[in-house]
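Trainee: Now for the letters of each chain:
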Amino acid sequence: MRRDPSNDTKVHNSVIAQGLGRGNAVEISFTLQELVEISEDIKVEGDINNCVTGIASLKDAVGGDLSFLGNPKYAADVKTSEASVIFLPLDYVGKAKEGQAYLRTANPSRVLAILTLKLERKLWPEVDPGIHPSAVVHDSANVDATSYVGPHCVIEEEAMIGAKTFLQAGVYVGRHVRVGGCCRLLANTTVQDYCEIGDAVILQSGCVIGSDGYGYETENGCHIKIPQVGRVVLEDHVEVGANTTIDRARFQETRIGAGTKIDNLVQIAHNVHTGLNCLIVAQVGISGSTVLGNNVVIGGQAGLSGHLSVGDGVSIAGGSALLRSLNAGEVVRGSPAFPINDYQRMVVLQKRLPEFYKRLKTLEQIYLSPDNP
Amino acid sequence: MRRDPSNDTKVHNSVIAQGLGRGNAVEISFTLQELVEISEDIKVEGDINNCVTGIASLKDAVGGDLSFLGNPKYAADVKTSEASVIFLPLDYVGKAKEGQAYLRTANPSRVLAILTLKLERKLWPEVDPGIHPSAVVHDSANVDATSYVGPHCVIEEEAMIGAKTFLQAGVYVGRHVRVGGCCRLLANTTVQDYCEIGDAVILQSGCVIGSDGYGYETENGCHIKIPQVGRVVLEDHVEVGANTTIDRARFQETRIGAGTKIDNLVQIAHNVHTGLNCLIVAQVGISGSTVLGNNVVIGGQAGLSGHLSVGDGVSIAGGSALLRSLNAGEVVRGSPAFPINDYQRMVVLQKRLPEFYKRLKTLEQIYLSPDNP
Amino acid sequence: MRRDPSNDTKVHNSVIAQGLGRGNAVEISFTLQELVEISEDIKVEGDINNCVTGIASLKDAVGGDLSFLGNPKYAADVKTSEASVIFLPLDYVGKAKEGQAYLRTANPSRVLAILTLKLERKLWPEVDPGIHPSAVVHDSANVDATSYVGPHCVIEEEAMIGAKTFLQAGVYVGRHVRVGGCCRLLANTTVQDYCEIGDAVILQSGCVIGSDGYGYETENGCHIKIPQVGRVVLEDHVEVGANTTIDRARFQETRIGAGTKIDNLVQIAHNVHTGLNCLIVAQVGISGSTVLGNNVVIGGQAGLSGHLSVGDGVSIAGGSALLRSLNAGEVVRGSPAFPINDYQRMVVLQKRLPEFYKRLKTLEQIYLSPDNP
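Residue numbers (this note's numbering), protein chains in the order written: chain A, 1433 to 1805; chain B, 1433 to 1805; chain C, 1433 to 1805.
Wrong hints could be hidden among the right ones.
One copy or any two copies: either way a pair holds, since identical chains are not told apart in the list.
When the alpha-carbon atoms are kept at most 35 angstroms apart in a straight line, the in silico DSBU-like pairs for lysine-lysine are as follows [what the hints assert, rightly or not]: (1) K1790 - K1475; (2) K1596 - K1554; (3) K1550 - K1527; (4) K1657 - K1527; (5) K1505 - K1657; (6) K1550 - K1491; (7) K1527 - K1554; (8) K1657 - K1596; (9) K1550 - K1657; (10) K1475 - K1511; (11) K1657 - K1491; (12) K1505 - K1554; (13) K1505 - K1529; (14) K1554 - K1511.
Worth flagging that the hints you see were computed from the coordinates, not collected in a lab.
Here the structure is a predicted model, which means the values were calculated and not measured.
The following block holds chain A by itself, in its conformation from the complex (with noise of 0.2 angstroms):
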């Protein structure tokens, strides 16, 4: 199938097509040398005709679109593919076709995330610096010349905003809080007092931190609110998901240690703390003063039960219910959750069940029956 700009169903996938490069908005264009400059180790197999104008997936690619294998369950895809230019694993096997070039490499993913870096860059272009005359900033904050505060944003007493940090538009800053530099802080996020942030932190649209905690005494069946008087602290290189909420400790900290990666949705209870450089995916729920290790990797849906400590490199599969705390590097799956290996044994078991039954029955047939003796 050639391209045909005027009339192409399948051009409309294509990122050129996306509106990214429609009318004023970015051109995409790399020649071959430019993209084999990207990484020292790219090895070229075949030429191409023109530039790379855009980017798409094996499937969907056509021609002067750039693709990539990363994930091997794809490969079947690339003998197929249309793509002008493929970024392929050492070891796949297959040629190149005519106006083709294959271009090898250690980690595919990691050079295709250098180049959409480079695109990023265009399609948001640095912003000036300055605070918009909509935002409402207070007389005691303190926000960096080198810093953006867009539309309707508003920052509190005695806020304090690092340098060349950038919020987009409706977020709202507590008072006494501190925001580091190098952070971007999307439409309508909301950072609650006396909470801090570090450098290179970014928080997605709606996401809240520093809400209460959720912490009652009872009394008589009446459920009396206990003031959460702590606050947040997300360290630096942190990445909080849309829609995320992060309480506020009941007293002391709710820490994100750096590195910490969190997605949309995602529940973080008052007093939790988490380690360095961990994956917390979509939905998770995390309840009041567990802590993790570092490089704890939890996928989604799954919940945590409260005052659990879960070691260094633990694995938490999706959807899994974890009620016990955890050692270093244990892998567990199902709700309850058990070690993977058990988990797996258990759940071929139970598709066995109905198996099990009719085979007990044979047995009792056979041998409790009333002439058997």
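Given chain A, put chains B and C in place with the hints provided.
Mentor: Below, chains B and C without anything else, positioned relative to chain A:
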């Protein structure tokens, strides 16, 4: 029980007393004739004394209220209901009391929908077009003159808003976004840069369209963000629930097919595609690059792994965890999800485990005891 | 370990070092006498040298800090804690060290709650009433003169705000909404048209009250929206967590009973009713028209089907899926949810499945082998 407006706790539950009919708010008043004219197939049994002035469930209704039997589960409530008018299916067996009318129709729920639509138009009268002076609209943005942009909305560079679209308040529309005609973007919604929204789309409050997908390359335990340079496309007649999040694609698109309705607090990851007219109930999570066919139904809190393909008309029960692709028409349940029949047999047998254990023990005691050769 | 303010990483965790006591922020300082006066039943053992100047957990506390034993799980930490003052239950066995005081009381958690309330009043001093000039308040709205309406709030037509209510910033209050007295609506919350909020209600940031219920009539595979013309009523002393969503009724009401506390990211569907003083933990989902009695407790991430009736005092464990109605006082767990005893037996037996299988095989090998008649 007769309605006494001055002192009647039950009145508190009827629409008329919901602040909807109080003071200067909407007056509900339908004659029997007006109700009969809603649908051609309505057959009247009985008569009423006055106009209908409220709508309530069968149990809560008082004299003067209209009610209906939508779910057969509540059939027993018809006889004892004090509603003046009741919409009933054709096959309901029973007779209206004096001063009461039964209106029979093939689909009472549908008739009620038409009626509430009339009511809706009274409760939410059309808003005059225009841009509120507190809204911040970039010079290069293009807002149709027939649309309404409410207080504190922000419309960035090169964004376009189609005809008769309603932006309630505090709505953020990012750079190069295109919003179609006849859309409703409710308070505090966010649409990030480059996303595209079709016609007649509804975004409930707090939802986020176009947050960054969750993608990192890990090097030496550190997670390096992969720029997410794609976008989100919502086709015509899509509805997105409150605080739901839909991530922009890594590249290319995350796309929600026309007529698909998404409930609250749902997470749709990057590069997911849904077909036409899917129903995705609250708190569902769909992982990256999974593709749904048309008319797929996903029950509340279900989770889908990434890179799956789900055929047309598939039904996934609430709370399920789908780990594999499904063919058209499959019905699954459980965590992990099994075909519904297998699932139900397994649940039954799980409940019988104590009994199995006992029977196994009985056999052992007889045949494996030392007395037995 | 002694506190050395100049160089001590541990200090970083005590309240005094949380930015709460730094610079111009709050100074914590309680004498032993002030602490003893909190509750009549406090008995002192030991004495301290100086004022208490921080609050920390038993493990993190340093000299000068106050701590407490709330959860017996941490009893072993009392002995080794460096806290200067520790609140303890009456039955704790042990003696204070020199320069340390034990304060015994029937309920240490409750005493701490009183103390933190005092602290809270310092951290969040009362705000002067008034309407921020950037707020947009409709001419027909009625805001009590003792209330505070913060920056960028929007209060629409005919809305009413009671006395001493606090709207932090970016709060949206729709048409005909009524908000009671002494409420706290935190940043970026949304209350849609016609909803009613009682006295002393707290809405955490980002929550949405009165989004449309999820209701469609399907005709030929297309889903036609059923207008949701009811409203939401939050009775007195309700608290709603961050980014939680509560849908308006199809008609009539969605109603949250007085004193009910809802955590973050919870979904309450249309026409749900909760009784008094329920506790609904994070990420719970309650489907349409389900009715809860009083003092129902629902653990995190549990899901409830629609049209159920749940009796007073029911307890549903976290992660459960409730598919049937429950009588008062029932305690259930699992997915689907079973009575807690049945559930626990089932989990134990599931773990023993490999053993059962082996035992069954042994019987078969002996009695079903060809050698056996």
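Trainee: So, against the hints stated earlier in the document, which numbers end up violated here?
Mentor: 1
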